[in-house]
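Student: One-letter residues, chain by chain:
2 protein chains.
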Amino acid sequence: MEKPKEKENKQIRGEEKKITFNVSKENNFSNWYSEILEKAEITDIRYGVKGFVVIRPWGAMAIENMYRIYEQALQDTNHQPTVFPAVIPEANFKKEEGHVEGFTPQVFWLQDIGEEKLALRPTSETAFYQMYNLWIRSWRDLPLKLYQRANVFRYETKATRPLIRAREFHWIEAHDAFATKKEAEEQVQEDIQTTEKIMHQVFGVPFLPMKRPQWDKFPGAEYTIGSDTIMPDGKIIQQPSTHLLGQHFSKAFDIKFANKDEKEELVWQTCYGPAISRILASVISMHGDDSGLVLPFAISPKQVVIVPIFNEKNEKKVMKAAEEIKESLKDFRVQLDNSNKRPGEKFFFWEMKGVPLRIEFGEKEIDAKELTIFIRDKKEKIKTKLNSIEKEVAKLGKDFDKRLLEKADKMFSNIVVSCKTKEDIKNALDNKKIARFSFCSIESDGQKCAEFIEKELQAGVRGIRADKKEKPEGKCPFCNKPAKEVVYAGKSY
Amino acid sequence: MEKPKEKENKQIRGEEKKITFNVSKENNFSNWYSEILEKAEITDIRYGVKGFVVIRPWGAMAIENMYRIYEQALQDTNHQPTVFPAVIPEANFKKEEGHVEGFTPQVFWLQDIGEEKLALRPTSETAFYQMYNLWIRSWRDLPLKLYQRANVFRYETKATRPLIRAREFHWIEAHDAFATKKEAEEQVQEDIQTTEKIMHQVFGVPFLPMKRPQWDKFPGAEYTIGSDTIMPDGKIIQQPSTHLLGQHFSKAFDIKFANKDEKEELVWQTCYGPAISRILASVISMHGDDSGLVLPFAISPKQVVIVPIFNEKNEKKVMKAAEEIKESLKDFRVQLDNSNKRPGEKFFFWEMKGVPLRIEFGEKEIDAKELTIFIRDKKEKIKTKLNSIEKEVAKLGKDFDKRLLEKADKMFSNIVVSCKTKEDIKNALDNKKIARFSFCSIESDGQKCAEFIEKELQAGVRGIRADKKEKPEGKCPFCNKPAKEVVYAGKSY
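Chains as they are written, first to last, in the numbering used here: chain A, 74 to 566; chain B, 74 to 566.
Here chain A stands alone, though its shape is the one from the complex (with noise of 0.2 Å):
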């Protein structure tokens, strides 16, 4: 008989052929995303400190698909990369009053070295800053917009999730400096185009962009805006958010350029950070399925896996022509699984995977030149001429991402209740959607409703749509004060 511990093994790695994977998604998320993490090895929770996880080669090639992907997008809009320290010194950390705030609790600091006390950087406002006090002297030093992939870390004292809330992430920061506030503004703007075109168009996840409420922006901001999107149990989860910095910044950095007639002004600032690590679980929770993950074909580690099925007399015929197709394909990212398994254990485990596009073929269809390429996502298989095969998969890719967003968009777009009463709100949440209703002001003076919805109905006040006007109407169902805005209201995590 097997040893426990070997027989386990296989299964991680999908040698078993009884590895199972029937954890039903609409019925118990939490679950299912558990239980996906660990059988298509995206990260590992056992590493034995809360709030950090291993991330896997299977996870750990997808984030790296997304970070070139994303670090493309910021270069086309004219970002240039950078490296900064991983710690922070405490002066520096402490210089804007809002940011120290907000952030010193989650700070993990480092022991004492006898020299200045340093910080693990949560977020590196502070540490860009003192640099751009260097930097830029001149409105021909402007419009300054520099980023970094880098590690973070926050001390969580949440219940932590893999991806989705950690004490170390992996996230992009932009840091942008202006001569002006409009330009200031339209980077903002120019942000959530970003956000846009990548974390939806590319990776499938749609979003509101809201403007937070005042109490709820980040700590040193002027505003915020955080792209909303939900979880297939009804959570929001927030993904990139984009800062108004204003001048709050310059002033305790002391960033000033000498603008054309020489005189000495502050820079305006924005930062925007879009977070790879948690993106990817919201990639993950959107197109998976109950037979594992569906990944994009834009960032699956591989797009195709080619099966090819043969016998004992057959293998050298069958094998020389799947390195063919593995050579026509080469401007793809192709696993050719040659492994002992059975082609139903094959199949079985290149699906939990997530593998957009799985070619299989024996002698037979060889001969016919014709094979099969099964389509994860419909789960179809269809034909296709040996000789086209390269068009076809390219078509196919295309189609597979776009048939992704449409499917998640057409969800996402029966996500918002409108409603008018409290009952209708707490209706709206309690069958997992968002709730939109006229609420008296994200301003400071609508922060006792925000606590009363927060307390009473487990829900936080998104805020108002960045990216168009709503007009409210009547007056705040919580306080009966005449509505100033439209807001959103949802669970989270």
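Just so you know, the hints here were simulated from the structure itself, not pulled from any lab data.
Just so you know, not all the hints are guaranteed correct.
In this list, chains with the same sequence are indistinguishable; a pair is considered to hold if it fits within one copy or across any two.
Calculated pairs, EDC-like style, for lysine to aspartate or glutamate (alpha carbon to alpha carbon, straight line, at most 20 Å) [unchecked claim]: (1) K254 / E400; (2) K506 / E108; (3) K123 / D185; (4) K231 / E188; (5) K399 / D149.
Let chain A serve as the given structure and place chain B on it in line with the hints.
Tutor: Leaving out everything else, chain B in the frame of chain A:
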């Protein structure tokens, strides 16, 4: 009059005509190195924390290119990427006796948060191997070859130098596990080959693979092979090192596998660590000259800069041609410099930045369909037909890197001097050479002689060649015992 601040800044950006870079690499390498890092905007040392520097866009882009090339080489030898936490629990860290002893003085610890004490990783053996304990069950799981790109932290007490010796550096660490010692030893050889294939052949940095003396091996290893290269001031710098860990860590972390007979055995391990930020230091130092950087075509952030020369009358026509040339070179990393600077300033600036090829032309050249290409290392101009520019750039790029490699090899081939007596050795070291001589032993009984060399000659015994067997002659010049090995010694950072 221009303000000093404004003037300095223009200089930094190369907008000032009289930007100076006139430090002699040969006469004062140390100043040359500091100056080029600043002027070419590779790093900024004004971050204010000892051993932590900011890597600016030009440096960050070079490092990113180097990472991609190196990671591809590791994937080509069947390594897979992972992302491990940056923190390591104290209990893990202390599991391997030699390791903890060697690394503890260098560790940054996090301030107590009422949970387990955490180290900021100085290297990740003790992070990876607790997971290898979970992931490796059977011979089918072997070999396991994983790597990560990561920032690592060491509490360096000696003087730090940007990219060379830092408290945070950016590296790749590969951690491999095998069923047999033979395979592990083959992996060590494969690692040396990867260093040869990438650092030497692609980046143009020659090295000697040295098996380190027992007293100088990696803490926790059976033996260490370091890649020693040299700086223009004759000082040795260690580049990627590879370690046969043997079963030291598999014992400490209980990493066992069931062999084909279902019997449990400990795995055999190796690790390999190319520090990309440090290799950039060697690339800069090896190839640069008194006009600034000379970056290999393979890694330069921009491979080609296009400098159109125009006046008010023909600006439109010349700029149109420049855009067309840029478009025809879209397979390369191209910068079109259409700034308002004068051509001479642009030439100076891009030469200092080390861009391999500069294409320059005005209206006359466009009409004649013939352009000038300036080649950075040779400082020569050649003429080339407009319609063959793409082919020409590809060829010139290849030739460029071949020439850098040959020049570096030539320099390096003269660096080792064979010595017989103490005086020979002293002379060689005084002449900035590596001394090669017969020596008692790199096993523990040679440590006293090595300490004597360290103290009297300020040089280190780097070990014996790992790529070939060399026969010692006569006696050790320090203890007069029969020589067992041929060692190499040199001064180092």
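Student: Could you run down the list of hints and mark each one as holding or not?
Tutor: Hint by hint, here is what the structure shows:
Taking the closest pair of Cα atoms, K254 and E400 never come within 20 Å of each other, the shortest separation being 53 Å inside a single copy and 35 Å across copies. When the C-alpha separation of K506 and E108 is checked against a cutoff of 20 Å, the pair qualifies neither within a copy, at 25 Å, nor between copies, at 59 Å. With identical chains, the CA atoms of K123 and D185 are at most 20 Å apart between copies only, with a shortest distance of 14 Å across copies and 23 Å within one. Taking the shortest alpha-carbon separations for K231 and E188, only the inter-copy value of 14 Å comes in at or below 20 Å, while the best intra-copy value is 32 Å.
Taking the shortest Cα distances, K399 and D149 sit within 20 Å of each other only across copies (16 Å), while inside one copy they are farther apart (32 Å).
Taken one by one, the earlier hints fail for this structure at numbers 1 and 2, listed in ascending order.
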